[in-house]
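Model the full assembly from the supplied sequences, consistent with the hints where possible.
Okay, here's what each chain looks like letter by letter:
Protein chains: 2
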Amino acid sequence: MPIKVVAFDADDTLWVNENYFREAEGEFVKLMATYASEEDTMKILFEIEMQNLGIYGFGIKGFMLAMAEAAGRISNGKVTAAEIDKILSLGKAMLNKPVELLDNVEDILKKVQQRYKVILATKGDLLDQQRKLEKSGLEKYFHHIEVMSDKKVKDYKKLIKHLDIQPEQFLMVGNSLKSDILPVVELGGQAIYVPYEITWLHEQAAPEEQHNGKYVEVAKLHDVLNHL
Amino acid sequence: MPIKVVAFDADDTLWVNENYFREAEGEFVKLMATYASEEDTMKILFEIEMQNLGIYGFGIKGFMLAMAEAAGRISNGKVTAAEIDKILSLGKAMLNKPVELLDNVEDILKKVQQRYKVILATKGDLLDQQRKLEKSGLEKYFHHIEVMSDKKVKDYKKLIKHLDIQPEQFLMVGNSLKSDILPVVELGGQAIYVPYEITWLHEQAAPEEQHNGKYVEVAKLHDVLNHL
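As given, the protein sequences belong to chains A and B, one line each in that order. With our numbering, letter number 224 in the first sequence gets 1035, and the count goes up by one each step, no holes. With our numbering, letter number 145 in the second sequence gets 956, and the count goes up by one each step, no holes.
Don't take every hint at face value.
It does not matter which identical chain is used: a pair holds within one copy or between any two.
Here are the computed lysine to aspartate or glutamate pairs in the EDC-like style, where the Cα-Cα straight-line distance is at most 16 Å [unchecked claim]:
id, residue 1, residue 2
1, 965, 945
2, 965, 950
3, 951, 966
4, 968, 950
Hints listed in this document are in silico derivations from the structure and should not be mistaken for laboratory results.
Listed below in structure tokens is the structure:
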């Protein structure tokens, strides 16, 4: 069955994202330096992010709330109002970052949308993703945005049902094996994996999951064009 | 042109929501009582919510972040870690609330979905809305959820384009004149207004906007069935 819909992941597939989280974490570690080591700060922050993922979901606001909570724990209840304020400022700065596109994205989208329905499939905050899409000037290439609360098999099932197509008619392009590639392949869809330079710990797939061989891996987003 | 898609707003149309915000604000006022009067606390909180609406959007996480920031300002930089912790707990309790359905919603949806494509159109957090939909047991009646970053004319235009229908084939049911009714009517769509007992200040429409007479107002959600 020929492909009908090509879905692109957004963060770290179309534009830089993970780097901003790493930078903010670096600032947070500095802010907590009087209370704890970098290692302890990062450990507690990640624990709190994971504890709250089920109610906060993915995105910058949840990350801000996790930093605020972690600061309380790391400082043993001594965190100051000024430090909380600094945490909120770090998050707001992330929400106001410019959009840095990867690998001549516009040229790729222009070509792909001539032959397929192109959508953006992301699990970040809707508002934040829309902001980035608007700033990027890429909005015109997408039929619409699908914001998913998670990217597991059941979420892709819903998405494909909503698109009124069969799994074989769906191709996903993204930088996360765990979220963009493996669940789509499991459903019988197609997937092109474009690794990014950094991967958040939560997104790392186990090595045995990485080699089922049912997807294509390319070095750069542009190479996607060779496989369509 | 006959109606093809009926969209229901979620919060305070299908289930209780605004009451939980009012309760949390009440708790926040108590928490800030050593620093400021109820009036001042509420004024600063609302100011900060409005300042951040553009970057946070709607929903509980943005409300939590606004309370944390407001606490810093209200306390003049004296807010304690324990108070910030309490604010985070207030928000988490909201995210874990049970779902209280309004006016025998299930019976209404069962009937409406026999004749139309039914969708949920909401501007809250996606994850939070999905959680409520799953807890409610109503998921099976909806073709899908449309999470909108805002509910202005341009957002409904996008939604209607995405549904591949004409505005006249779209009917919106909701409790907010400003967000659910007036923009849809402006686009040439149809709308049924079901007022709820409380309306957030931000959602209140000016009186002159309320009487353009191009929508139907009903007292209870069940009465929607008389107009379909």
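Status of the hints after comparison with the structure:
1. Taking the shortest alpha-carbon separations for residue 965 and residue 945, only the inter-copy value of 13 Å comes in at or below 16 Å, while the best intra-copy value is 29 Å.
2. With identical chains, the CA atoms of residue 965 and residue 950 are at most 16 Å apart between copies only, with a shortest distance of 14 Å across copies and 27 Å within one.
3. Proximity of residue 951 to residue 966 under the C-alpha cut-off of 16 Å is restricted to the inter-copy arrangement: shortest distance 15 Å between copies versus 25 Å within a copy.
4. For the homomeric pair residue 968 and residue 950, the shortest alpha-carbon distance between copies (14 Å) is at most 16 Å, but the shortest distance inside one copy (25 Å) is not.
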